[in-house]
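*Asks:* In order, the protein sequences belong to chains A and B. Following the numbering used here, the numbering of the first sequence begins with 4 at its first residue and continues without gaps. Following the numbering used here, the numbering of the second sequence begins with 54 at its first residue and continues without gaps.
By construction, these hints were calculated from the structure, which means they are not laboratory data. Take the hints with a grain of salt, since some may be wrong.
Computed Cβ-Cβ distance ranges for the label pairs, DEER-style [claimed, not checked]:
#, chain 1, residue 1, chain 2, residue 2, range
1, B, Ile137, A, Glu95, 28 to 38 Å
2, A, Thr100, B, Ile137, 54 to 64 Å
3, A, Thr100, B, Thr98, 36 to 46 Å
4, B, Asp112, A, Ala94, 45 to 55 Å
Just so it is clear, the structure is predicted and the values come from calculations on it, not from any experiment. All C-beta atoms, glycine included, are put in the ideal place defined by N, C-alpha and C.
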Amino acid sequence: MADTNVEVLRGTLDLLILQALSWGPVHGYAIARWIEDATNDVLRIEEGTLYPALHRLETKEWIAAEWGVSEKNRRAKFYRLTPKGRAQLRAETMAWTRYAGAVFAALQAPPSPKPA
Amino acid sequence: MRTPSTPSWRRYLTFWRGDIARDVNDELRFHTEMRVDEFMARGMTEAEARRAVAERLGDVDAAKAECIDWGLVRETHARRASVIDGLLSDVRYALRALARTPGWTAIALLTIALGVGATTTVFSVADSLIVRTFPYPNASRVFIAQRQFTINGDVVAVSLPFGMSTVWREKARTIEDAVLAGGGFPELFGSGADTLTANVSFVEPGFIAFAGAHLVIGRVPKQDELTPSTHLMFITEQFWRRQYAASPDVIGKTVKVRGDDWTIVGVVPASLTVPNFRAPRSDVLAIAAPDQQVNSAVLVRLKPGVSREAATAELEAIMQHADLQDVRAVPMPMPLRLKKPEDWLAIRRPLVMLTGAVALLLLVACTNVAHLLLARGAARQRELAVRHALGAGRSRLIRQLVTESVVLAIIGGALAAIVGWAGLHLLMALKPDDREFNALTYVSTNHAVLSIASALAILAGVAIGVIAALRSAHRDVAVALRIGAASSAHTARRLRSLLVVGEVALSAMLLVGALLLVHALFSLEHESLGFDARGLYGIEMRLPRGMAPAARDAFAAEARDRIAAMPGVSDAIVSGRVPGGRGFTFIGAWETPDHPRDTRESDGGFDDYAVTARYFSMLHMRLLAGRTFDEGSYERNEIIVSQSFANVVSPGRSPLGLRVRNATARTRSGIHVIPGQKPAPPAPDEPWKTIIGVVPDVVTSFGQHPVTGMFYHPLAPQGSTSPAGFGLPRATVIVRIAHPSALGRVSAFASALAPNGGSATVTNVRETIDATLAEPMFVMRLLVAFAALGVVLAAIGLFGVISYSVSQRTREIGVRMTLGATRGSIARLVVGDGVRLALAGIVLGLGGALVATRLIASVLFGVSRFDPFSLGAGAALLLAVAVIACVAPMLRATAIDPAIAVRAE
Chain A
4 MADTNVEVLR
14 GTLDLLILQA
24 LSWGPVHGYA
34 IARWIEDATN
44 DVLRIEEGTL
54 YPALHRLETK
64 EWIAAEWGVS
74 EKNRRAKFYR
84 LTPKGRAQLR
94 AETMAWTRYA
104 GAVFAALQAP
114 PSPKPA
Chain B
54 MRTPSTPSWR
64 RYLTFWRGDI
74 ARDVNDELRF
84 HTEMRVDEFM
94 ARGMTEAEAR
104 RAVAERLGDV
114 DAAKAECIDW
124 GLVRETHARR
134 ASVIDGLLSD
144 VRYALRALAR
154 TPGWTAIALL
164 TIALGVGATT
174 TVFSVADSLI
184 VRTFPYPNAS
194 RVFIAQRQFT
204 INGDVVAVSL
214 PFGMSTVWRE
224 KARTIEDAVL
234 AGGGFPELFG
244 SGADTLTANV
254 SFVEPGFIAF
264 AGAHLVIGRV
274 PKQDELTPST
284 HLMFITEQFW
294 RRQYAASPDV
304 IGKTVKVRGD
314 DWTIVGVVPA
324 SLTVPNFRAP
334 RSDVLAIAAP
344 DQQVNSAVLV
354 RLKPGVSREA
364 ATAELEAIMQ
374 HADLQDVRAV
384 PMPMPLRLKK
394 PEDWLAIRRP
404 LVMLTGAVAL
414 LLLVACTNVA
424 HLLLARGAAR
434 QRELAVRHAL
444 GAGRSRLIRQ
454 LVTESVVLAI
464 IGGALAAIVG
474 WAGLHLLMAL
484 KPDDREFNAL
494 TYVSTNHAVL
504 SIASALAILA
514 GVAIGVIAAL
524 RSAHRDVAVA
534 LRIGAASSAH
544 TARRLRSLLV
554 VGEVALSAML
564 LVGALLLVHA
574 LFSLEHESLG
584 FDARGLYGIE
594 MRLPRGMAPA
604 ARDAFAAEAR
614 DRIAAMPGVS
624 DAIVSGRVPG
634 GRGFTFIGAW
644 ETPDHPRDTR
654 ESDGGFDDYA
664 VTARYFSMLH
674 MRLLAGRTFD
684 EGSYERNEII
694 VSQSFANVVS
704 PGRSPLGLRV
714 RNATARTRSG
724 IHVIPGQKPA
734 PPAPDEPWKT
744 IIGVVPDVVT
754 SFGQHPVTGM
764 FYHPLAPQGS
774 TSPAGFGLPR
784 ATVIVRIAHP
794 SALGRVSAFA
804 SALAPNGGSA
814 TVTNVRETID
824 ATLAEPMFVM
834 RLLVAFAALG
844 VVLAAIGLFG
854 VISYSVSQRT
864 REIGVRMTLG
874 ATRGSIARLV
884 VGDGVRLALA
894 GIVLGLGGAL
904 VATRLIASVL
914 FGVSRFDPFS
924 LGAGAALLLA
934 VAVIACVAPM
944 LRATAIDPAI
954 AVRAE
């Protein structure tokens, strides 16, 4: 199982967190579960790194946090996207799409003509 | 355990760290529990599940540590934000508090705005005149060379021998260039009906390049085109526009100046500045030919890296060895000095006075604000005590008070900037015309200085506020709460009283200084010119060289008779000098047969007049004592002296019959300040002169040479080979014109003298004197304005302190009234308080004024600085203002209802 994992780049993790929060406030565990489900567990993250990332984004004020009560009546820290974070998500999504598209196009491209 | 040395902020850090760490732990525990639940739901045992979760989490401790770090960063941000928030709320509170007492706030703001505004105005002027240099290329290396000597503490500047600049240009290695540039004397310009007075400076052709200027039109003549007979000149752009409507045809035009024909060769740009002595901005820059005897300043530009001292030494050595005609002989050393052009400005002394006056004013303003704040602080003791009791910490209260004074200072400072800006523009509007008054033409509105000065002033206000706030909050709040504000403010009251006394004293000093100047200049305007200047003109005729004394005298006598016969002319006399005009000034000591004096001593400067017996009656000059000249006066060596001269040689006694002579004359001649003249050869045995009369002092030049008094000796009888005039081919006629139309005829006559090889200048005596008075007049206006400000500020101060004291003593006054005090006695009590303070201040201030007015003694023109009128009027005015300032608080005090007042606390 471990060999199918791809190391998640830090920027990618930030993007995934922002995307996970785009539907509403959730806690860290839910974010971890969403990333797992959404990527078919391919991009399995080391969950320990998820929290420093959340705190970093909170410090950047892309996301805001609030203590609340979880569905199982436990005290949990809920994160939500700030307007600043939403703008960041839009920008990074576009950048990623272009980047991935370009890399994919390159991989599909025919061999370059030899110089005459 | 914390050691005592741990800084206090550490405590908060530990506190936050604990808090943050707990949250991070909670967050991760929640995650772990959720995962464990999830895995157990999938069928793992709890132990398996926990292991699997731990594996997925990885290095939990590192993650926690990083989370805590981010948490700390967020805490810091939040703290900063809350400080700003707190500050904003403090400011809002301060504004509300200030708005609650609109009268108090208005007075405090007015005080700051007026005091600081006036200061910024004067500092802007000082900056223009002192700090900024003349706009020459490499200005830092440009100096004016002059000689100077010190006499009675006055530095007397002496110009250089003729032709000095040429020799320096040729020989000096420490300088790049030396040019002659300066002067600025009013001269008649043009002829016939178009004659006007223009200010003429002399420059060498090299001055244009030296100053980095380019002619607007025309050309700069080459040095070798100039001969003693070439008379070429530039005119300034302003003069060109004013007189010639900027016509390009002026080049080549020939105009009569000083009686000679001068040809205009170019127009210099308006920006070009000639460093003039005390004279107005130039209209005409006459180009000095090599051996024209031009008495003017020499500008030098040092080579890069050469020190002022090295250049001075070399130039001095060259000057000592150069064989140049030198008309400046004094029996004391005259070292060469290299000065910055701006040091040359004669306005320095008045400017020092002004800056002093303004410093005083700023002190008054600061004192006012300080005591307003103190009074407010004391009045709010109760409020502060209550707030303290309700839980506001002392530091919090101090912060609130400081915020209030800072807000006050900033608003006041902004208002002050506006006042300062307006003041500067008012000053520009008030300042004398460009052509009459040199130094202020360099003043410009400089907003940078304005803002710096305002900022400094705000800073001063803040500092005062902080001190006052600390004082207010420092008192024991519990005590204040218990015994009430009135009693706890006892010591503060004494301090405030001291401040008010100081303030009244400062205003008294300003006021006395201003009144002295007003008195001096007012009497100048009306009577004490020393003579009647109405319609008075001086005609100075330069006669052909080599004219015999007899012919000269005959010429002068004929000119006098012809002028006197003109319609509209009421009188004309021959004289050696025009009153208040240029001439010989003796600087040195006067000895009597009983009191020989050392030749290096000096009693000051004394203007020498050679006059006829009719001079005094013609000028309507009052004879204060003794008699006037008669036929035998010349042979008997009789002199008439001015009041100040009499005071010097014979203090407290009648000088009549006293025999005097100048001590310097035993060895050498005194110094001459008339341009272009050789000193008389020293008389081998200077005869004693007998004083036979005393006349009033004549107003004379201001600034450049200190003039103490005048002495008059009889003009030699017609035809004798008299030394009067020092052998110069010169004759002077003073004429009184009854009708203005006569002026044209007199000018035409004077111009007509030129074809004989001579020339004449006609000057209006009054205008000449006015030009020398423009500067002190302007200073007087400013001092009066500042004194008025000072009085207003002092009145505000008195009003503040008395009304405060009334509000503090409401209870006491109530008790007195209950015990039978009448309203009249209460009124006397209140006003008496104010008057006592004012009197103390006035006495101190008059004492200070007696010392400080030494600074302006030289411009008082005969009014003693102990002038009882000025001292008395100043004291009376301030006392009246003090009583008026007490009226409102007095009315409030007498309106107190004893029944309410006694219950009030």
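*Asks:* Decide, hint by hint, whether the structure agrees.
*Replies:* Against the structure, the hints come out as follows:
no. : hint                            : result
1   : Ile137/B x Glu95/A: 28 to 38 Å  : 31 Å, holds
2   : Thr100/A x Ile137/B: 54 to 64 Å : 40 Å, violated
3   : Thr100/A x Thr98/B: 36 to 46 Å  : 44 Å, holds
4   : Asp112/B x Ala94/A: 45 to 55 Å  : 31 Å, violated
Violated hints, in rising order: 2 and 4; the structure is consistent with all others.
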